[in-house]
Amino acid sequence: MRLRLTFRAMDEIREHGARGYPHEVCGALLGRELEGNGAGGLREVTAVLPLENRRDDSPRNRFSVTPEDVLRAERAASEQKLELLGWYHTHPDHPARPSEFDREHAWPWYSYVILGVASKVPGDMTSWRLADDRSGYAAESIEVA
Amino acid sequence: MAVKVMIPTPLRAYAGKQDHVDVTARTVGEALDSLVTQHGDLRRHLFQDDGRLRSFVNVYLNDDDIRYLKKEATPVKDGDTVSIVPSIAGGSPAAHRATRGTAE
Numbered sequence: 001m002r003l004r005l006t007f008r009a010m011d012e013i014r015e016h017g018a019r020g021y022p023h024e025v026c027g028a029l030l031g032r033e034l035e036g037n038g039a040g041g042l043r044e045v046t047a048v049l050p051l052e053n054r055r056d057d058s059p060r061n062r063f064s065v066t067p068e069d070v071l072r073a074e075r076a077a078s079e080q081k082l083e084l085l086g087w088y089h090t091h092p093d094h095p096a097r098p099s100e101f102d103r104e105h106a107w108p109w110y111s112y113v114i115l116g117v118a119s120k121v122p123g124d125m126t127s128w129r130l131a132d133d134r135s136g137y138a139a140e141s142i143e144v145a
Numbered sequence: 001m002a003v004k005v006m007i008p009t010p011l012r013a014y015a016g017k018q019d020h021v022d023v024t025a026r027t028v029g030e031a032l033d034s035l036v037t038q039h040g041d042l043r044r045h046l047f048q049d050d051g052r053l054r055s056f057v058n059v060y061l062n063d064d065d066i067r068y069l070k071k072e073a074t075p076v077k078d079g080d081t082v083s084i085v086p087s088i089a090g091g092s093p094a095a096h097r098a099t100r101g102t103a104e
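Taken in order, these protein sequences are the chains called A and B.
Quick note on the working numbering: the first sequence kicks off at 1 and runs consecutively.
Quick note on the working numbering: the second sequence kicks off at 1 and runs consecutively.
Mixed in with the good hints there might be a few duds.
To be verified - In the DSS-like style, the derived pairs of lysine-lysine whose C-alpha atoms are separated by at most 30 Å in a straight line are:
1. Lys-4/B <-> Lys-81/A
2. Lys-77/B <-> Lys-4/B
3. Lys-71/B <-> Lys-4/B
4. Lys-17/B <-> Lys-77/B
5. Lys-4/B <-> Lys-70/B
6. Lys-17/B <-> Lys-81/A
Unchecked claim - Label pairs and their calculated CB-CB ranges:
7. Ala-76/A <-> Met-6/B: 12 to 22 Å
8. Thr-81/B <-> Thr-66/A: 39 to 49 Å
9. Lys-120/A <-> Arg-67/B: 16 to 26 Å
10. Ala-139/A <-> Lys-71/B: 33 to 43 Å
11. Gly-123/A <-> Lys-77/B: 50 to 60 Å
Unchecked claim - Taking beta-carbon pairs under 7 Å as the criterion, some of the chain A residues facing chain B (in silico):
12. Glu-24
13. Asn-53
14. Phe-63
15. Val-65
16. Trp-109
17. Tyr-110
18. Arg-134
19. Ser-135
These are calculated hints, taken from the structure and not from any lab test.
Ideal placement from N, C-alpha and C gives every residue a C-beta, glycine not left out.
Pulled out of the complex, with its shape left as it was, chain A reads as follows (with noise of 0.2 Å):
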C-alpha cells in the first residue's frame, strides 16, 4: 500500500502541525485511487482540508473531527470530484506512531497520517491502515511527488 502526496499537500500538513503545535491538528486527505486498493495499491492526496480539533478538553494529546465534520469533508471531496481518502493528524512532542487509542477509533479503508512535531518543528510523517480484523496496523509506503 503507497500514498502519494503532492508537495503542496505535504506542505499544508506540516504547517498545520506546526502552526498548532502544542495542540494535535487534524484535517482531511482528498484525492483518488490510483491502482487499486489491494497490497500494491496506491492512491494520491491532490488537497488537503484542515479540520478543528473538536477537543478542547485534551488537545495535547487527543483530537476529534465530528460526524458534521466528516460529512463537510465529503461533500469537499465531492464537489471537487476526489474521494475522502483518509484523515491526517499530529503527535506533538510524540513519536508518529499510531497509539491504541488511535486504533480503537478507527476503521479500514482510510489512511491514517500522522505527523510528530517536536518542539514546533514537523518532523516524521507515517501513513497506515487498520487491519480487517481491527487487530492492528500495516504501514502505508508515504511517496512525495
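Add chain B to chain A, keeping to what the hints say.
Using the frame of chain A, we list chain B on its own:
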C-alpha cells in the same frame, strides 16, 4: 418497514461493495441488526464486543442523529434512510505512558 441503510465508503468492502443495503425493520436497532446479519464482517466495525455501537460510530435516521431521538429504539417507516457516519478521533499516548517509553 422497508428501510435503506447507507454504507460509508470504508465499509463497503464488507457489504458486497454496495453503497446501500435494503432491510426490513421496525426500529433503527433492528435495521442495524439486519444489516450485520446479512453482512457479518461489518459487525466488528460498528459494534463493540458487548453489542453496543462503537463510540465513534454515529447513526442518522434521515437527517437526524438517533442520539437525539430514541437511539436504537427509534421507530422507522417505509422509505426511511439510515446513515452511518464516523467521528474521527485519536491522539498520542497519554503522558504517563510516554514517560515509560511506550511508543504505541
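Outcome of the hint check:
no.: 1; hint: Lys-4/B <-> Lys-81/A; in the structure: holds, 25 Å
no.: 2; hint: Lys-77/B <-> Lys-4/B; in the structure: holds, 11 Å
no.: 3; hint: Lys-71/B <-> Lys-4/B; in the structure: holds, 17 Å
no.: 4; hint: Lys-17/B <-> Lys-77/B; in the structure: holds, 26 Å
no.: 5; hint: Lys-4/B <-> Lys-70/B; in the structure: holds, 19 Å
no.: 6; hint: Lys-17/B <-> Lys-81/A; in the structure: holds, 20 Å
no.: 7; hint: Ala-76/A <-> Met-6/B: 12 to 22 Å; in the structure: holds, 18 Å
no.: 8; hint: Thr-81/B <-> Thr-66/A: 39 to 49 Å; in the structure: violated, 20 Å
no.: 9; hint: Lys-120/A <-> Arg-67/B: 16 to 26 Å; in the structure: violated, 38 Å
no.: 10; hint: Ala-139/A <-> Lys-71/B: 33 to 43 Å; in the structure: holds, 37 Å
no.: 11; hint: Gly-123/A <-> Lys-77/B: 50 to 60 Å; in the structure: holds, 53 Å
no.: 12; hint: Glu-24; in the structure: holds, 6 Å
no.: 13; hint: Asn-53; in the structure: violated, 10 Å
no.: 14; hint: Phe-63; in the structure: holds, 6 Å
no.: 15; hint: Val-65; in the structure: holds, 4 Å
no.: 16; hint: Trp-109; in the structure: holds, 4 Å
no.: 17; hint: Tyr-110; in the structure: holds, 5 Å
no.: 18; hint: Arg-134; in the structure: holds, 6 Å
no.: 19; hint: Ser-135; in the structure: violated, 10 Å
Of the numbered hints given earlier, the model fails hints 8, 9, 13, 19; all others are met.
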